[in-house]
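Trainee: Mapping of the sequence shown onto my numbering: position 57 corresponds to residue 57, and the numbering continues sequentially without gaps.
Note that these hints are calculated values from the structure, not bench results. These numbers come from a predicted model, not from an experiment. Note that the Cβ used here is the ideal one computed from N, Cα and C, for glycine as well. Just so you know, not all the hints are guaranteed correct.
[Claimed, not checked] Distance windows between CB atoms, simulated:
1. P70 to K172: 29 to 35 Å
2. S136 to E30: 21 to 27 Å
3. A63 to Q196: 31 to 37 Å
4. P157 to S136: 22 to 28 Å
5. P64 to E30: 29 to 35 Å
6. P70 to V182: 30 to 36 Å
7. D84 to Y183: 20 to 26 Å
[What the hints assert, rightly or not] With a cut-off of at most 30 Å between alpha-carbon atoms, the simulated BS3-like pairs for lysine-lysine come out as follows:
8. K42 to K94
9. K94 to K172
10. K172 to K140
11. K140 to K89
12. K172 to K197
13. K17 to K197
14. K94 to K197
15. K89 to K42
16. K42 to K197
17. K17 to K140
18. K140 to K181
19. K94 to K17
20. K17 to K42
21. K197 to K140
22. K42 to K181
23. K181 to K197
24. K181 to K94
25. K181 to K17
26. K140 to K94
27. K17 to K172
28. K89 to K181
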Amino acid sequence: MHKRLVIESGNQTNASKALIMLHGRGGSPEDILSIAQYLPVKDYALYAPQASGYSWYPQSFLAPPPANEPWLSSALEQIGTLADEIVQKGIPAKNIYFLGFSQGACLTLEYTCRHAQRYGGVVAFTGGLIGDRIYSERYKGNFEQTPVFIGTSDPDPHVPVDRVYESETILKNLSAAVTVKVYPSMGHTITEDELQKASRIVFS
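Make a model of the complete structure from these sequences and hints.
Mentor: Here's what the structure looks like:
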């Protein structure tokens with residue numbers, strides 16, 4: 001189970017937009033926040049929750065969902081609580097953006113697809129929807145053409161490209177405006193090209 005710890009940065013006083021940033025397994029809020037300097041988000045309020053033990057869930061994202069409980073449900077609840085708090089501060093959901101890397105990217109896609117509505121945008125650097133298969137009944141709502149960017153490597157040691165494409169289909173079925181970019185043998189990392197595409201497609 002995850003304790004509530006959120007690192008806040010950026011414009012916390014009068015921002016009209018917010019970005020929730022989710023780190024990968026073994027990463028930290030500070031790691032994922034460092035990406036913000038390469039994105040056009042200097043006027044955003046930035047929020048980076050920390051996973052207990054620096055991992056959102058213990059097994060691979062491709063494990064059967066019960067194998068990652070109760071940690072997965074706790075992580076999703078933590079994101080939902082944070083999003084609600086941001087709305088209560090006066091920033092509407094349509095101005096809330098989500099970004100994650102690796103395990104955090106999987107969690108980003110899982111949360112937003114379970115609660116699809118018009119968000120500011122969604123960025124997943126190497127991730128896909130969670131489970132040993134796609135559980136389409138979990139996903140509902142309407143993204144109303146929320147821009148989504150997913151960048152990934154083929155191959156990637158943790159995220160099969162087939163799962164990325166399956167996730168793309170779910171997102172499109174929920175009326176998201178999805179852009180997927182597959183990089184040959186990129187490795188498990190975030191590249192300058194991904195940052196530029198996310199900047200143009202999601203944050204422009």
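Trainee: Are the hints correct? Go through all of them and say.
Mentor: Taking the hints in turn, this is what the structure says about them:
At about 31 Å, the beta-carbon gap between P70 and K172 stays in the expected band of 29 to 35 Å. Distance hint check: the CB atoms of S136 and E30 are about 36 Å apart, inconsistent with the given range 21 to 27 Å. A C-beta distance of roughly 33 Å is found between A63 and Q196, which places it inside the suggested range of 31 to 37 Å. A beta carbon spacing of about 26 Å between P157 and S136 agrees with the range 22 to 28 Å that was offered as a hint.
Roughly 32 Å separates the CB atoms of P64 and E30, a value that falls within the hinted 29 to 35 Å. Taking the beta carbon of each, P70 and V182 are about 33 Å apart, inside 30 to 36 Å as hinted. Judged by the Cβ atoms, the range 20 to 26 Å given for D84 and Y183 is violated: they are separated by roughly 35 Å. A threshold of 30 Å between alpha carbons decides the hint, and for K42 with K94 the separation of about 18 Å falls inside it, so the pair holds.
The hinted pair formed by K94 and K172 meets the criterion: a straight-line CA distance of about 18 Å does not exceed 30 Å. Of the supplied pair hints, the one linking K172 and K140 holds, its CA atoms being roughly 12 Å apart against a limit of 30 Å. Proposed proximity of K140 and K89 is supported: the alpha carbons are some 26 Å apart, at most 30 Å. Distance restraint check for K172 and K197: the Cα-Cα separation of roughly 19 Å lies within the 30 Å cut-off, and the hinted pair is therefore satisfied.
The suggested pairing of K17 with K197 holds, with an alpha-carbon distance near 19 Å, which does not exceed 30 Å. Note on K94 and K197: the hinted pairing holds, with a Cα-Cα distance of about 20 Å set against a maximum of 30 Å. Between K89 and K42 the CA atoms are separated by roughly 19 Å; this keeps the pair inside 30 Å, and the hint holds. For the proposed pair K42 and K197, the alpha carbon gap of about 17 Å is at most 30 Å, so the pair holds.
Of the pairs offered as hints, the one joining K17 and K140 holds, with about 24 Å between alpha carbons and a cut-off of 30 Å not exceeded. With a C-alpha separation of about 24 Å, the suggested pairing of K140 with K181 holds against the 30 Å cut-off. Using a Cα cut-off of 30 Å, the hinted pair K94 and K17 holds, with the two alpha carbons roughly 9 Å apart. Restraint check for K17 and K42: the C-alpha separation of about 10 Å stays at or below 30 Å, so the hint holds.
Taking the CA atoms of K197 and K140, the gap is near 27 Å; set against the 30 Å cutoff, the hint holds. Distance check on the hinted pair: K42 and K181 sit about 25 Å apart at the alpha-carbon level, within 30 Å; holds. At roughly 9 Å between alpha-carbon atoms, K181 and K197 fall within 30 Å of each other, so this suggested pair holds. Distance restraint check for K181 and K94: the Cα-Cα separation of roughly 24 Å lies within the 30 Å cut-off, and the hinted pair is therefore satisfied.
A C-alpha spacing of about 26 Å is found between K181 and K17, which places the hinted pair at or below 30 Å, so the restraint holds. Our distance criterion of 30 Å between C-alpha atoms is met by K140 and K94, whose separation comes to about 17 Å. With a C-alpha separation of about 24 Å, the suggested pairing of K17 with K172 holds against the 30 Å cut-off. Restraint check: the Cα-Cα separation between K89 and K181 comes to about 34 Å, which exceeds 30 Å; the hinted pair is violated.
Of the numbered hints stated above, those contradicted by the structure are hints 2, 7, 28, listed in ascending order.
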